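Taking the hints into account, I'd like the entire structure generated from these sequences.
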Amino acid sequence: MAFDPVPLFFVLGFLARLARSDLKIPGQLYEALSIYLLLAIGLKGGVELAKEPFFEVAPKAGVTFLLGVLIPLVAFPILTRLGRLPRPDAASIAGHYGSVSAVTFAVALDFLRAKNVPFEAYAPLFLVLLEIPGIIVGILLARMGNLQTVRWGPLAHEVLLGKSIVLLAGGLVVGWLAGPEKIAPLEPFYFVGFKGALSLFLLEMGLVAAGQIDALKRAGVFLTVFGVVMPLISATLGFIAAAIAGLSAGGAMLLATLAASASYIAAPAAMRIAVPEANPALSIGASLVVTFPFNILVGIPLYYFVSQQIIG
Amino acid sequence: MAFDPVPLFFVLGFLARLARSDLKIPGQLYEALSIYLLLAIGLKGGVELAKEPFFEVAPKAGVTFLLGVLIPLVAFPILTRLGRLPRPDAASIAGHYGSVSAVTFAVALDFLRAKNVPFEAYAPLFLVLLEIPGIIVGILLARMGNLQTVRWGPLAHEVLLGKSIVLLAGGLVVGWLAGPEKIAPLEPFYFVGFKGALSLFLLEMGLVAAGQIDALKRAGVFLTVFGVVMPLISATLGFIAAAIAGLSAGGAMLLATLAASASYIAAPAAMRIAVPEANPALSIGASLVVTFPFNILVGIPLYYFVSQQIIG
Amino acid sequence: MAFDPVPLFFVLGFLARLARSDLKIPGQLYEALSIYLLLAIGLKGGVELAKEPFFEVAPKAGVTFLLGVLIPLVAFPILTRLGRLPRPDAASIAGHYGSVSAVTFAVALDFLRAKNVPFEAYAPLFLVLLEIPGIIVGILLARMGNLQTVRWGPLAHEVLLGKSIVLLAGGLVVGWLAGPEKIAPLEPFYFVGFKGALSLFLLEMGLVAAGQIDALKRAGVFLTVFGVVMPLISATLGFIAAAIAGLSAGGAMLLATLAASASYIAAPAAMRIAVPEANPALSIGASLVVTFPFNILVGIPLYYFVSQQIIG
Amino acid sequence: MKTRATRQLVVIIAEEAIEGLLTTDVMRLGAHGYSVCEVRGQGSRGSRSGEWEAAKTVRIEVLCSPEVADAILDHVLTHYFRHYAVVAYTFEVGVLRPEKF
Amino acid sequence: MKTRATRQLVVIIAEEAIEGLLTTDVMRLGAHGYSVCEVRGQGSRGSRSGEWEAAKTVRIEVLCSPEVADAILDHVLTHYFRHYAVVAYTFEVGVLRPEKF
Amino acid sequence: MKTRATRQLVVIIAEEAIEGLLTTDVMRLGAHGYSVCEVRGQGSRGSRSGEWEAAKTVRIEVLCSPEVADAILDHVLTHYFRHYAVVAYTFEVGVLRPEKF
Ligand SMILES: Nc1ncnc2c1ncn2[C@@H]1O[C@H](COP(=O)(O)O)[C@@H](O)[C@H]1O
Ligand SMILES: Nc1ncnc2c1ncn2[C@@H]1O[C@H](COP(=O)(O)O)[C@@H](O)[C@H]1O
Ligand SMILES: Nc1ncnc2c1ncn2[C@@H]1O[C@H](COP(=O)(O)O)[C@@H](O)[C@H]1O
Ligand code: NA
Ligand code: NA
Ligand code: NA
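Residue numbers (my numbering), protein chains in the order written: chain R, 1 to 312; chain B, 1 to 312; chain D, 1 to 312; chain V, 1 to 101; chain Z, 1 to 101; chain G, 1 to 101.
Incorrect hints may have been included.
Claimed, not checked - Cross-link-like lysine-lysine pairs, in silico, DSSO-like; alpha carbons within 30 Å at most: (1) B:Lys217 with B:Lys24; (2) B:Lys24 with Z:Lys56; (3) Z:Lys56 with G:Lys100; (4) D:Lys24 with B:Lys182; (5) B:Lys24 with D:Lys24; (6) B:Lys51 with B:Lys182; (7) G:Lys2 with Z:Lys100; (8) B:Lys24 with R:Lys24; (9) B:Lys115 with B:Lys182; (10) G:Lys56 with V:Lys56; (11) B:Lys217 with V:Lys100; (12) D:Lys182 with D:Lys51; (13) R:Lys24 with D:Lys182.
No lab work stands behind these hints: they were computed from the structure. Predicted, not measured: the structure shown is a model, and the values here were computed from it.
As structure tokens, then:
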């Protein structure tokens, strides 16, 4: 049996760190690859967006946005009631799961391309639309009752102009303005090299995730279980949203993956400023150490399988 | 209408920084891309140089060198008389405009390649030849009257062995020694990926340039206008030199672009040591915040248009 | 005559540093390229390994391993008797020469590919097998008589989980698990770009090696001569081992190159911890400033020539 | 050695997430400048390797008058110590051009 | 300015090869944390540019009690000074939350 | 805590363009070593982000005798303060192996 190498790179990094190898990630390589991947995703989506009529895309975008609002509202009571977590922690974690992980999305994209499954090529737009609402809802949940304490100005700035949004949305706009023909000479750099860059990034993510094992210990059993169950719930919601929006099997699988993924870049940064009393170890332990590997290794093939059963 | 994506990346970076996004450039990615671009330009030029007879290239090189001497001599009186700038500042700025910007050249190269316009393929040699004389003339202008205060030894070392000269000239020599056949296996890395790397570098340049907006404020209205007018004057001189040297339309456009471009790496470093009393904010404000974007967005298409009218 | 550009990049870096150019290596670019090269070598080897029956490879691996044990045992008496070096220094240097340089191997691989010479494609396995035994033998030589002072636990950890082993062996396993078909989409990133990345790395190695010229001065004449003669002895042993193992001409050339190469990453790190009283300037002066350039510029073509004479 | 004018050096080691907040506060409280370098480290909240966004730590140093130093330290104590990974200390140094700080 | 509780800041500049050994030792000797930054430099063993593995240098700073500071410095003196490129110094600083160190 | 021999630590924060000049001067004035780390920061000449060549800043620290410290600081004052972005300060530290500095 032949394994897909991309997740194997994650496993390699994870095991290397667990075994306390001295293999380290140059911090700026991590940043460089992350800039590259976000831009590449955005560019590709933008090129495709140029081909779509607006009224085709708009309703699907609306449904996606609502999904981002819904997921944290579902997660929050689970965290407070079942997990008995204090409000700020529950709200912060809910926000992480409402938002998304671009790298998880990238792995799903790569998975579909490898299988030659067609999908709505403007799907990166969903990624942009899902990044923010979950974070905002999380903050609102944390600050219910004393909303006046939230400094919305700086927060909006932080969230709307965070680096991932700027690169994704910026890539979308550049791709859209340039169109397929003018983007073509950028293909070797941004598209042909994509899978390789992704594999290197996953190696690094493996090291990072295993480095946060301590956080998981602090997070405890409940959050470990939550990190596996919540993506399944969110993916289900994602499939429902996809059905409402009338997406193809490939598109539904991507939306389910996005829904199932939890943020480990934008949400931690925003929550740290907006909800400082939430313990970051809890949300990072769950989202990065449990949910991220779960989606990469189990979730994506599973969502793909389901998408083929119900739509394909 | 389809836009060329390369300048759009610059605009994206510029706007992101203006909007105070937290998108940051990993400093070492900036350095890595800059090493890569300089080497790639040099290699390509060296390969082509191997095909040319020496007596073909030598007179053109001579004219190019003189152009580098001339431009600061034209810029200096404009800066002292019209701009009423003190001698050291005027001399330093003149030196910046006498020298060149390799990235502006790279964008022009890419522009011609995209349009399939032929040009003298050893043009990178011009880039090497134009980098230094302007800086030397600038320093001479600053130190007129007390030339004995200049420490020529360290200065020559600093200028001749600056990293951009070493990489460009080194690339030229390697390309020339290896020849087209042996360089071929390096093509995917250095040439096919070139435009993508350039696009990423321009994103970073956009962030850098917008980060220097303060310098532009200190530079004031005169230098802002100078930053647009001077490239037009230099480009005109460049076209005249190209006519004398008998370059093709493509070659003339490249020489005009080089003439119009202002240094923001080699000249600032050299001037900082040789003319410390010159305020670096002035030269950087003009060259990086005004002239660089002007050339990328307006100048290059303009010089191309002119080259086609007068030679093509 | 057309030169191979890859060694020219080394020469360029070397000369630039000797001339005290300000060209610097971004440290994280060095690390990034080193991670990339090791992974690429491993992956390629792993893919090929998947095709070989175990009993084909096992005896060759055994011979290779013994070669790694033998080389330091040959080098040690030369260093103590002829060189009159103190035991710790002699042992440490012997360990460096028993271990290997992955970049030297990469240059040899590239050399064979450029000439279309076939070789045992699982050769990267030899690289993994040769990295460690030499280091262990070196430490044993240093600690003969008081072996109980060696802290074997941490040492084994340091050596077996050093970054180069993890990346090489990890790449082998990933390549082996994924197989040729699944690795194919990673080709443009890891294999097509390989030679370019190698050229950039060699530029950096040139800078690094020339920066260690001081170390060579401390190492003195004996070690300078040793740095040229020892690779010739080891290469001879490598050819003998290759004959015993029944390798092809290409494979023999690779094994000779590996034998001749001296470690400048894994061995220095391990020796610094395990044999702190050994002066690192001596081993680095010899291995990095003499043997590395010797192998790149003279050794590899020589070993190739010999391999063609005796086997090809 | 020569007697020199003295000022306080305040050092704040904190998670990078609040670098922007801290430097803005420092300037608002009367400092005329600061320098930041990236560090990795370990403390009561575990190890911070600096490998990815949320694991980054910065070391901010501010040369300032004793009054401003007090203001900065008190501000850090009230606003950041409770919820953030922060360490702060101060000591006296001899400076050139004391009027600059 | 306010009077503050004092602690010692110990700074160790050493080749990166022994960073792991040093930080483990520092914690074992009673420190509750440390911060590391990468430096380049020059000293009696020549120039260390930081460009590749064996040329890297780190600067480790540890805020701790005077007793722990003594223990750390003595340990460095006995175990590392002879064979490694190491520099170490200490000075007194005013701290917030002294109980943390 | 133990009494230790003391030396001066001199810290110079300056634009990277003059790192080479400064470190050469420092050694010429009698120091036996120095350590450099890269910083970003803000001061009277605006913000220096370190993102590109001309915006880089370095922090140079030199452990030396009081006499050498004086010589370095005076030299910096005369030669660099006027035209360059430079900050410098000094303080006393306890050292191991005082003869080294
Ligand atoms: N005793 C200490 N000495 C030096 N740095 C420390 C110390 N304690 C903590 N730090 C730094 O401050 C960061 C946050 O500390 P903490 O909040 O204790 O986890 C750590 O990651 C270290 O970089
Ligand atoms: N006098 C000094 N001041 C500051 N740092 C120093 C000094 N001497 C040595 N160092 C640092 O310590 C490292 C090792 O020093 P050494 O063992 O003297 O070669 C050097 O590379 C410098 O980074
Ligand atoms: N008060 C200060 N405290 C710490 N660092 C400073 C201070 N003022 C300036 N700096 C540093 O020195 C550099 C140059 O300062 P300046 O010449 O004032 O612009 C700044 O970019 C900072 O990195
Ligand atoms: Na989600
Ligand atoms: Na010019
Ligand atoms: Na060897």
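For each hint, the structure was consulted:
1. B:Lys217 with B:Lys24: OK: Lys217 of chain B and Lys24 of chain B at ~22 Å, within 30 Å.
2. B:Lys24 with Z:Lys56: Answer holds: Lys24 of chain B to Lys56 of chain Z is near 25 Å, not above 30 Å.
3. Z:Lys56 with G:Lys100: holds, 21 Å
4. D:Lys24 with B:Lys182: OK: Lys24 of chain D and Lys182 of chain B at ~26 Å, within 30 Å.
5. B:Lys24 with D:Lys24: holds, 22 Å
6. B:Lys51 with B:Lys182: This hinted pair holds, its Cα atoms lying about 14 Å apart.
7. G:Lys2 with Z:Lys100: holds, 22 Å
8. B:Lys24 with R:Lys24: holds, 22 Å
9. B:Lys115 with B:Lys182: It holds: about 27 Å lies between the C-alpha atoms, which stays within 30 Å.
10. G:Lys56 with V:Lys56: holds, 20 Å
11. B:Lys217 with V:Lys100: holds, 23 Å
12. D:Lys182 with D:Lys51: holds, 14 Å
13. R:Lys24 with D:Lys182: Answer holds: Lys24 of chain R to Lys182 of chain D is near 26 Å, not above 30 Å.
In this structure, none of the earlier numbered hints is contradicted; all agree with it.
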